[in-house]
Amino acid sequence: SQQGEEDPQALSIQEGENATMNCSYKTSINNLQWYRQNSGRGLVHLILIRSNEREKHSGRLRVTLDTSKKSSSLLITASRAADTASYFCATDAKGSNYKLTFGKGTLLTVNP
Amino acid sequence: DGGITQSPKYLFRKEGQNVTLSCEQNLNHDAMYWYRQDPGQGLRLIYYSQIVNDFQKGDIAEGYSVSREKKESFPLTVTSAQKNPTAFYLCASIRGDGSSGANVLTFGAGSRLTVL
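Those sequence lines, one after another, are chains P and X. Under our numbering, the residue at position 99 of the first sequence is numbered 99, and the numbers go up by one with no gaps. Under our numbering, the residue at position 48 of the second sequence is numbered 48, and the numbers go up by one with no gaps.
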């Protein structure tokens, strides 16, 4: 079952611009996580936001969480060509016993 | 360096054959997971194991089998009963996130299985 759904499916921007990706989910969560995947590689954890947090920053990343709307956004500021990758949200649902559920991802292309 | 090693990276199989994908971790993590990824899709959970000698089915366990005889190892067998096995397979283990104390996944580099 797909818990998180990212939007848009694909995003193409110029280097230096900001990129915003959104994630919607269906059930109550303990936390929501964002992962990055370069083509043909494994996923890498980027940032985690707990259900009682509204915003979190890590370097050029900013994550927001709105539990009333069951949605989250990931903002990458001042994008670089090296940010080109797929980005996935994953939810740790209450009672899931550490089974993260992933969305289908947003493919971000940053053009030099 | 600690991490998760998956092998082989690429594997070709004829229809009707069983194949086993290896996953080894030296992170001393208790819980390990297998996910399947199809093109343009998210990850779907196949099996997971929270402790040695115990494992549970995920969302798409049919046609797959696993074992967890050692903490470090969690091999996945794709059996001939799996009707559409061509996919990218990812192994992961749970670690604690230092800043939040919550659990996040550490992934291997993946194994790409193609059925000929």
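Don't take each hint at face value.
Some chain X residues near chain P, calculated using beta-carbon distances under 7 Å [what the hints assert, rightly or not]: (1) F55; (2) A81; (3) L90; (4) A102; (5) N103.
A few chain X positions that, by computed beta-carbon distances, are all more than 10 Å from chain P [to be verified]: (6) Q6; (7) N53; (8) A61; (9) S80; (10) T106; (11) R112; (12) L116.
Treat the hints as calculated values from the structure; they're not laboratory data. Note that the Cβ used here is the ideal one computed from N, Cα and C, for glycine as well.
Against which earlier hints does the structure fall short, listed by number upward?
Failing hints, ascending: 1, 2, 6, 10, 11.
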